[in-house]
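Those sequence lines, one after another, are chains A and B. So in numbering that gives the first Met the number 0, spot 358 of the first sequence is number 357, and the numbers just go up one at a time. So in numbering that gives the first Met the number 0, spot 76 of the second sequence is number 75, and the numbers just go up one at a time.
Treat each hint with caution, since some may be false.
Claimed, not checked - With a straight-line cut-off of 20 Å between C-alpha atoms, the simulated PhoX-like cross-links for lysine-lysine are:
| no. | chain 1 | residue 1 | chain 2 | residue 2 |
| --- | --- | --- | --- | --- |
| 1 | A | K135 | B | K133 |
| 2 | A | K135 | B | K155 |
| 3 | A | K97 | A | K349 |
| 4 | B | K155 | B | K133 |
Claimed, not checked - If you want a taste of the chain A side facing chain B, the calculated C-beta under 8 Å gives, among others:
| no. | residue |
| --- | --- |
| 5 | H120 |
| 6 | V168 |
| 7 | S175 |
| 8 | I179 |
| 9 | F187 |
| 10 | G309 |
| 11 | P310 |
| 12 | G331 |
Keep in mind that the hints were calculated from the coordinates and are not lab data. Source: prediction; values computed, not measured. Note that CB positions come from ideal geometry on N, CA and C, so glycine has one too.
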Amino acid sequence: MAITRRAVMKNGAMALVGTSAIPSFLTRAVMAEATTAAANHKKLVVLFQRGAADGLNIVVPHAEQNYYQMRPSIAIKQNEVIDLDGHFGLHPALAPFKPLWDQGHLAIVHACGSPDITRSHFDAQDYMESGTPGLKSTQDGWLNRALQVEKIDPKLATAFRAIALGTQVPRTLAGSVPAIAISNVNDFAVGARQKNAASVSSAFQEMYAESGDAMLHGTGQETFEAVKMLKATDPAHYKPAEGVVYPNADFGNKLKQVAQLLKANLGVEAAFTDIGDWDTHQAQGSTQGRLSNRLKEFSESIAAFWKDMGPEAENITIVTMSEFGRTARQNGTGGTDHGHGNVMFVIGGKVKGGKVYGKWPGLANEQLYEGRDLAVTTDFRQVLGEAAYKTLGAQNMERVFPSGHITPDKFLGIV
Amino acid sequence: MRRLNSLCHLRTDLASVTAFALCCVLIQPVGFAEISAQHTTSLSQNEHRTRPLTQDEKVLHALNRLTFGPRPGDEEKVKAIGLDKWFEQQLNPESISDAALDERLLEFPALKMSPQEMAKRYPFNNTIKRLAFKNEDRKQGRYAQLPRIPGDPVSKAIWETQIYRERITKGEKAERAEKKAAKAEQSMNAAEPAMQDGMMQQQSQNAQQQQYRNAEDRIPTMSRQQVQEIVALEPQDRFNRIIAMTPAERLSLLRTARVGNGTVNPIGMRLLQGFTPEQREAVTAMYSSNRVIAPEVLESRLLRDIYSERQLEAVMTDFWLNHFNIYIGKNQYTPATLPDYERRIRKNALGNFETLLMATATSPAMMIYLDNYLSVGAHSKAGMRGALYGGKNTGLNENYGRELMELHTLGVNGGYSQRDVTEVSKVLTGWGIDRYGQRGSEFAFNEERHEPGTKLVLGHIIQGGGENEGRQVLHMLATSPATARFISKKLAVRFVSDDPPPSLVQHMAKTFMDTHGDIKSVLRTMFHDPAFWSPQVYRAKLKTPLEYVVSAVRVSGADVDSALPLTRSLATLGMPLYGAQPPTGYYWTQETWLSSAALISRMNFSLVFSTNRLPGVNVDWARVLDGSQQAGVQPVAYEVPSGSANPMQVQKEQKLESIVLGFPASDKTRRTVLSEEAENFATQAARDFKLAPANEENGDGNSMMSGGERLSNKGVFRERKNNRQGAGREAAMEAFLQRRKPTDPQAANMAGLLLGSPEFQRR
């Protein structure tokens, strides 16, 4: 896949500019016409909670008697949840989400997950990212395929159509559409901060440009094109919108940079990043503690991102996901083990929020999946599919989720 | 749970020094060997290559795959011994002297301590917290278990300084508790000399007046003059003086001299200068135990990879440490378990798989990392008691039970079910540690927690039999054909190809079964299989960041005074040591490590490293070039490109290609290396290569994480034993403080470009 992943703008307009910075007007002009999503400025942001987040303590079914019986020490009490609709309530650490809910920008899908029953982090993440549960041979990620659906002139494609904040391109974005991984926008340069004529960047670029090593050649090309484009946006001087403060932690910093890249008119259509440490086998806590700390950072970062995007937030759809839920009962060590059904958030300008979507399977003992987990009533691909369809214009669902039988009539009507 | 990033919640003192290596770490995807691999060979430069390897290529290939990369002259040595004989030597590490490495490791006496010794000298932060706020502790009814401060003066100084730090740095909450504790403190420290300089008053004034930026700022500074007086003392007197100080003075001194907080600064270095390793550790640990333990764990591991003559053992140790992954940031107790864990693994790295598996299963490190020490059988005595008294945390935890099968033995498709996971977890209830939260904890089986009754694992009935049940199950797993296949495949991916031929894996798995898991024999089968020497796999494996960094250091013959800048570089490159949070560890396949961000970091690293801009790492290219001549290294012969600079440069370049790559570079690479502009490059790269991703830390106030200049727990500069005396030491330090200029800037720049070239990214 890497050979096709390389930057394909070589012969495009931008290549004419050579080693100097690309004027942003040119970037914008090129991007404006390339794809439907770009023309409409639509952007899909996918956030992965790695480690299997405990959906039952995130969006709490506080009307369920058995919930409290199964979780004697870690349940969120009825008077502690942020009530949403009399049945569900948010974990108190998700307070920053409440305004988004009230404004109708935040929708929740509960009892959502994969049809595959694996409880292996590795497999479950793999299936969720490939978008083909149970099928290991899939080579690319669902989000990359969603971008593949629309045929565009490769000369007009930008290296930044798909970005990931991190050191590697995630599985979700692997595939033939060029995707760029950036761990830190400010460090994304090879000696390029100097206006010196002798540019390290171009030296290495030459080496990689003619390398017989196809993989390295491809990644190298992609890298240097992206470096140039990013440099033109002057990333070092980014300031979030007035009054916006991102939590000074990994996830907050990543979302800040996503905002920065989205605002820079680089032609980003899909962005991906992740937040870890949800694998709360022990001492996950209730309103305070490990899960609570995670949720605080999670929700504060997303709320800051939303605010930072300002009017542009209208065109953005954010989807959150995690590989599976956790056991309905707390385990013997104040935590929860690997489970099944989980919760997803969908946030966006066009989202019909203020509602918990999906069929609720109940938490009575006989309603639990395999007697231990929240059952899955909504396939995660129904949610991702709708977001990709309506945000990116990826109408060919069979292409995005091969053999998934995801058709528009299965969408929940969230976006 | 793969590629979890971030550790942003490192608590308290663990954060202090390990954080840089851990934070912002992305551990990445694509373990799917099966999936990604098809591309590897077909897309690599060897696409159409069918010519068998020459003898020289075989030697280079063996060094690239079975070691962390050749040093100058290694190829000649292997040729002299003979490839097969060299391999057999490497299979038997005890036959190879490792004196040079051992001497370097003398710098880390703490790592050689028994858990009990370590317990006495380097307390956990939890212990310190309790001692610091004794009254609160007493309220919680835990007074009876409060640990005692050891009596020997050095340990006592460490404990008391840490206790003092805890009180001062822990914010408003701490201040309240501080007042309460003040009375108790007075009686406790009655024997100590009165504080000098009115430091106490100064401190409380500061406390009121300042808006503290971080917790460490709560510590009052010491006057420059006072510090200089102390620094001017002879090492032994200086150490005695520090021991004789009050905890408050000591803490102020440490803060003012910025000892061990990750910065390079002359005062900090001078304060530690001339100390024995034990003294240096003691003074560094006075702020926090994990300013010593965690960085030394990382540093010693990297030094072994770089300098061990037992390279195959080092490579296999790394392989198993990754296979049986432990995350150093799991909790504050983990770093102290790692020296023992590393020894267990190394001892069995080339031994028997079942013994190795058992060594990990009975290690405090693993019991803690995968939570098994917490697991309690519902029907065990402890479980029943817990249920009776409404105990919260008394029940089964499946974490280890699952990963043991999925990741350590059978593999994810190894034919087990959820039911097996639960049953194995029951079998392993009671496997844990004796005294959690105290240094000196060892593996222990606790019958009281063990789930009684028979279990059914993978169709086998396991009779109720306490600890022995677990041993039966581990034996069963270790000797399963699925395990043989899983391990063989993983080894083949590490050593041969991202997509190893099934026949090779079969041969290895057969040997595994035939020899009851003898790792040596499995490697021997691999080494003698034609697939290992196939032209398609030659130079086709992408180096992981660890392999990349270590091979660069080895090929340059660099002298590493402090390996911490290198461990931080690994974090920047996405692969910090002991930094994989998910139990999967890191992946060996190229898709994991091939991305724009990673490539940029590699290029910047290569130039920064090569031109001596990593503090504590000294590359002397002039010496390397001279040495290569003596070792009989043949320069690469090529037709000089037209318009090339001067013949001297060409000559050097020819040698460097031979040393760094071991084969001719591509024309384009060579032209770039020879370009006249090469000299300016490194300064630019130095600006762009940040040691460890920029990351702010919250809470404990060790603002040591960002910026290219900061590092090291011991002020970077450590003299080796043999030059500890005399003026040479002083001069060496001064030279270091000024940043050693490359001995041959031209060679350094050219070598840097070669290290960043596409050719050097593969092995």
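Taking the hints in turn, this is what the structure says about them:
Between A/K135 and B/K133 the CA atoms are separated by roughly 56 Å; this puts the pair beyond 20 Å, and the hint is violated. Only pairs whose Cα atoms come within 20 Å are accepted, and A/K135 paired with B/K155 is rejected, the gap being roughly 57 Å. The hinted pair formed by A/K97 and A/K349 meets the criterion: a straight-line CA distance of about 17 Å does not exceed 20 Å. A hinted pair counts as satisfied when its Cα atoms are at most 20 Å apart, and B/K155 with B/K133 qualifies at roughly 17 Å.
With 8 Å as the threshold, the beta carbon of A/H120 comes within range of chain B, its nearest partner Cβ sitting at about 3 Å, so the hint holds. A least Cβ separation of about 5 Å between A/V168 and chain B falls short of the 8 Å threshold, and the interface hint therefore holds. Among the interface hints, the one on A/S175 is violated; its C-beta lies about 12 Å from the nearest C-beta in chain B, farther than the 8 Å criterion. Using the Cβ-Cβ criterion of 8 Å, the hint placing A/I179 at the interface with chain B is satisfied: the shortest such distance is roughly 5 Å.
Annotation: A/F187 was flagged as interfacial toward chain B, and the flag holds, the nearest CB pair being 6 Å apart, inside 8 Å. Evaluation of the A/G309 hint against chain B yields a violated restraint, the C-beta minimum of about 25 Å exceeding 8 Å. For the restraint placing A/P310 at the interface with chain B, the shortest Cβ-Cβ distance is roughly 29 Å, beyond the 8 Å limit, so the hint is violated. Taken as an interface hint, A/G331 checks out: its beta carbon lies about 2 Å from the nearest beta carbon of chain B, inside 8 Å.
Against the hints set out earlier in the document, violations occur for numbers 1, 2, 7, 10, 11.
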